[in-house]
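K.L.:
So the chains spell out like this:
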Amino acid sequence: MSSDELKRTPLYQAHIDLGGKMVDFGGWNMPVQYPAGVIEEHMRTRTKAGLFDVSHMGEIWVEGEDAIPFVNRLTTNDVTKLVDGQAQYSALTNENGGVVDDLLVYRFDQDKLLLVVNAGTTDKDWAWITSHKGDDNVTLTNASADYCQIAVQGPLAKIILEKLTDTDLDEIKYYHFTTGVVDGVDAMISRTGYTGEDGFEVYAAADKARQLWDKLLEAGYYGTENGILPAGLAARNTLRLEAGMSLYGHEITDEITPLEANLGWITKLQKGEFTGSDKLNEEKQRGVSRRLIGFEMTDRGIARDGFDVYINAKKVGYVTSGSPAPFLQKNIGMAFVPVEFANVGEELKIDVRGKQLSAVVVPTPFYRRQK
Amino acid sequence: MANIPENLRYTKDHEWVSVDGDSATLGITDYAQNSLGDVVYIDMPRVGDKFGAHEAFGSVESVKAVSEVFTPIAGEVSEINEGLNDSPEKVNSDPYGAGWMIKVKMDNAGAADALLSADEYEEYLSTIG
Numbered sequence: 001m002s003s004d005e006l007k008r009t010p011l012y013q014a015h016i017d018l019g020g021k022m023v024d025f026g027g028w029n030m031p032v033q034y035p036a037g038v039i040e041e042h043m044r045t046r047t048k049a050g051l052f053d054v055s056h057m058g059e060i061w062v063e064g065e066d067a068i069p070f071v072n073r074l075t076t077n078d079v080t081k082l083v084d085g086q087a088q089y090s091a092l093t094n095e096n097g098g099v100v101d102d103l104l105v106y107r108f109d110q111d112k113l114l115l116v117v118n119a120g121t122t123d124k125d126w127a128w129i130t131s132h133k134g135d136d137n138v139t140l141t142n143a144s145a146d147y148c149q150i151a152v153q154g155p156l157a158k159i160i161l162e163k164l165t166d167t168d169l170d171e172i173k174y175y176h177f178t179t180g181v182v183d184g185v186d187a188m189i190s191r192t193g194y195t196g197e198d199g200f201e202v203y204a205a206a207d208k209a210r211q212l213w214d215k216l217l218e219a220g221y222y223g224t225e226n227g228i229l230p231a232g233l234a235a236r237n238t239l240r241l242e243a244g245m246s247l248y249g250h251e252i253t254d255e256i257t258p259l260e261a262n263l264g265w266i267t268k269l270q271k272g273e274f275t276g277s278d279k280l281n282e283e284k285q286r287g288v289s290r291r292l293i294g295f296e297m298t299d300r301g302i303a304r305d306g307f308d309v310y311i312n313a314k315k316v317g318y319v320t321s322g323s324p325a326p327f328l329q330k331n332i333g334m335a336f337v338p339v340e341f342a343n344v345g346e347e348l349k350i351d352v353r354g355k356q357l358s359a360v361v362v363p364t365p366f367y368r369r370q371k
Numbered sequence: 001m002a003n004i005p006e007n008l009r010y011t012k013d014h015e016w017v018s019v020d021g022d023s024a025t026l027g028i029t030d031y032a033q034n035s036l037g038d039v040v041y042i043d044m045p046r047v048g049d050k051f052g053a054h055e056a057f058g059s060v061e062s063v064k065a066v067s068e069v070f071t072p073i074a075g076e077v078s079e080i081n082e083g084l085n086d087s088p089e090k091v092n093s094d095p096y097g098a099g100w101m102i103k104v105k106m107d108n109a110g111a112a113d114a115l116l117s118a119d120e121y122e123e124y125l126s127t128i129g
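Read top to bottom, the protein sequences are chains B and Y.
Per this note's numbering: the first sequence = residues 1 to 371.
Per this note's numbering: the second sequence = residues 1 to 129.
With the rest of the complex left out, here is chain B (with noise of 0.2 Å):
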């Protein structure tokens, strides 16, 4: 695909602007690094903040009566459990029990929820989602092109965007949200995120993009030695695999199910009937036949995604997700192997473009923040 047709986000200029090297991610134009580089974006955002444009994923609307209900069918967390203000990680399952996408849930009221869900996949989500839509009452509204999202993550995140809002930050808990005005935007702000750190997600209107970032940047000092760096999808990625977060397309598919993916903690099969319950209570009571791990290289080398897994000379399994760690300075990567093998301390051969390296499967999250 030519760059022409690639979409773009309201931050496309600020990204040339910024020097930012411009990659096609699932159709999106996006920035897969500025000018400092992943390792100093993912260090930066390990120990100050890193500022990401994730205006790519997908915002979907579900209002009326039969909102929790009905999201409750299709996804595999309860939502019934959550309050207004409170956010949800989830997973939407096919009838096999396969993601069909993982994504957060935030109830705005009874009648209000927000579905966030991956840019790759947003237009496969909105025909899964309007398809099982049977008598509910509900409205569906696909909104993803409406809102810029805008991530500060970091341990001063909450410094930086303290400067922009009269919104108490410290009333917003993980996993929490509010609506409130930063910089004089209408935003809801949340405290997610997709890199193991402390921060927020701000979604504001689009044509409120480039204000916000600029904002944000100014806000925590950008150009100086300790300032926020804005940050590319290398680091995004190089950051939520240290922190033990699956991608969707790697760690979870429509041919994995979360219990396989190490997602039994939001597999909530106690809840009741869900699009692929069935099938996942079968495979809890039988046990899953493969599991994913963590893994570290004990060799010198680095296991990329697709490379074979061995044990006992045997091929087992596949890394889902490979790459050097630049915080913890060692070569990581997730798996999935047979349940047999999925103990920490296992040895495991990984085939390095025809090198067998040796590995060990390790706990995850393999990084976890000091709080």
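Think of the hints as simulated: they come from the structure by calculation, not from any bench.
Fair warning: this is a prediction, and the values are worked out from it, not measured in the lab.
Accuracy of the hints is not assured; some may be wrong.
In the BS3-like style, the derived pairs of lysine-lysine whose C-alpha atoms are separated by at most 25 Å in a straight line are [unchecked claim]: (1) B:K173 x B:K371; (2) Y:K90 x B:K21; (3) B:K330 x Y:K90; (4) B:K158 x B:K215; (5) B:K112 x B:K124; (6) Y:K12 x B:K21; (7) B:K7 x B:K21; (8) B:K355 x Y:K50; (9) B:K158 x B:K173; (10) B:K355 x B:K371.
Using the hints provided, position chain Y relative to the given structure of chain B.
P.N.:
Then chain Y, alone, in the frame of chain B:
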């Protein structure tokens, strides 16, 4: 704009070659290091390894990608840049200097003459955008 020193020879795989008698020094170009991003690991051959023209002699790994490196000329590895084991980032910061990768004793001392000149390489880069 990529830095392309006048005195070197280039390949379409984005390696550079510097010739001194029958010895050639090889590395990757500024364009290549910029495309790869932060280099974190380099898989090098051993001194004494022999490679034919266009054979991969190693790989350069960045945070997000891996790229094989090819020698455009046949010969035997006479020296490797051990400094890159501890400081692979030199490939980014100084691709034509401290970021050199290997020295090769060429089978045919004139082999590098057929490679791209700086002007030709620059023109090639303009065609690939």
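K.L.:
Compare the structure with each hint and give your call.
P.N.:
Against the structure, the hints come out as follows:
Simply put, K173 of chain B and K371 of chain B have alpha-carbon atoms about 14 Å apart, close enough for the 25 Å limit, and the pair holds. For a cut-off of 25 Å, the pair hint linking K90 of chain Y to K21 of chain B stands: about 21 Å separates their Cα positions. For the hint linking K330 of chain B to K90 of chain Y, the alpha-carbon distance of about 19 Å falls within 25 Å, and the restraint holds. This hinted pair checks out: K158 of chain B and K215 of chain B have alpha carbons roughly 14 Å apart, not beyond 25 Å.
For the hint pairing K112 of chain B with K124 of chain B, the CA-to-CA distance comes to about 22 Å; that is within 25 Å, so the pair holds. For a cut-off of 25 Å, the pair hint linking K12 of chain Y to K21 of chain B stands: about 21 Å separates their Cα positions. With a CA separation close to 15 Å, the supplied pair K7 of chain B and K21 of chain B stays within the 25 Å bound. Only pairs whose Cα atoms come within 25 Å are accepted, and K355 of chain B paired with K50 of chain Y is accepted, the gap being roughly 19 Å.
For the hint pairing K158 of chain B with K173 of chain B, the CA-to-CA distance comes to about 12 Å; that is within 25 Å, so the pair holds. Between K355 of chain B and K371 of chain B the CA atoms are separated by roughly 40 Å; this puts the pair beyond 25 Å, and the hint is violated.
Consistency note: the structure conflicts with earlier hint 10 alone.
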